[in-house]
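Start from the sequences and build out the full structure, keeping to the hints where you can.
Spelled out from the first residue to the last, the chains are:
There are 2 protein chains.
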Amino acid sequence: MSRQHKGLLFTWNRGSLKEILTDHGLASLGDSYVNFVYSLALSNRKREPEGTKVKGSILAEALRRAGLREQLPSRMSRHALADAAEALIVYAWLNDRLTLNECVRELGKTDDPVDGFTCVLVAAKERITFP
Amino acid sequence: MSRQHKGLLFTWNRGSLKEILTDHGLASLGDSYVNFVYSLALSNRKREPEGTKVKGSILAEALRRAGLREQLPSRMSRHALADAAEALIVYAWLNDRLTLNECVRELGKTDDPVDGFTCVLVAAKERITFP
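One line per chain: the protein sequences are A and B, in this order. As numbered in our numbering, residues 1415 to 1545 make up the first sequence, in order. As numbered in our numbering, residues 1415 to 1545 make up the second sequence, in order.
To be clear, the hints were calculated from the coordinates, so they are not data collected in a lab. Errors might be hidden in some of the hints.
Which copy is meant is left open, because identical chains are indistinguishable; a pair holds if it fits in one copy or across any two.
[Stated by the list, open to error] Quick list of in silico lysine-lysine cross-link-like pairs, DSS-like style, CA-CA up to 27 angstroms:
{"#": "1", "residue 1": "Lys1432", "residue 2": "Lys1460"}
{"#": "2", "residue 1": "Lys1539", "residue 2": "Lys1432"}
{"#": "3", "residue 1": "Lys1539", "residue 2": "Lys1420"}
{"#": "4", "residue 1": "Lys1420", "residue 2": "Lys1467"}
{"#": "5", "residue 1": "Lys1539", "residue 2": "Lys1469"}
{"#": "6", "residue 1": "Lys1523", "residue 2": "Lys1469"}
Bear in mind the structure is a predicted one, so any value in this text is a computation, not a measurement.
Structure representation (structure tokens):
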């Protein structure tokens, strides 16, 4: 699904990984995306539609396990680490590096959401490129 | 984007409009979808990524304006009416009747989220078919 197919008009290109991880706007948009994809994965698991919110502690731990913690300043709250994860995940979707379906599939491979989001974050990190 | 492309494994088919509007699971999944599509529309409007949550009062009023209120019992809370709107919108997406892009575009046509969600709900109602 290209940018046009998504109907998106805003500019989300960022120049570095750190810039993405510390972007509050991306984090805020990413929060709603992460909750939606995880709700879809949960619905698949339960075989019926269901919605949920992903806890910040899960995303913060997944960010660490994905080896992204070192990209950020040493003193950061768990909330800020979760924001960083949300920003990166939605950035990868916006840039067509990780589709919604791929996210749902990765999250559905495991019972443990930390494992699932770690895989999603590793894939996002590996696929995002900068000019 | 077909069911397969969405990677979805659960069954969401329902037999009537009323059944959709009163489905708690669909409403719960729809809550995360509605917040995501509206966040995308808002991001387009502001020309930068931003996330938001849609107030229940907005969805309840849009449901009324879309002529869907009469499908539901007379005594229902505003919360339950918002749930009904969320259920219908995500059901239309799940069944490929209304794409994410179409939702974002409809919501982006107006400053007033009640107007935007009314259009989305009318389109969903018109396009959903039952066996």
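Against the structure, the hints come out as follows:
1. Lys1432 to Lys1460: Only across copies: Lys1432 and Lys1460 sit 23 angstroms apart there, 36 angstroms inside one copy, limit 27 angstroms.
2. Lys1539 to Lys1432: within (11 angstroms within a copy, 44 angstroms between copies)
3. Lys1539 to Lys1420: both (22 angstroms within a copy, 22 angstroms between copies)
4. Lys1420 to Lys1467: Both: 24 angstroms inside a chain and 20 angstroms across chains, each within 27 angstroms.
5. Lys1539 to Lys1469: within (21 angstroms within a copy, 34 angstroms between copies)
6. Lys1523 to Lys1469: within (19 angstroms within a copy, 33 angstroms between copies)
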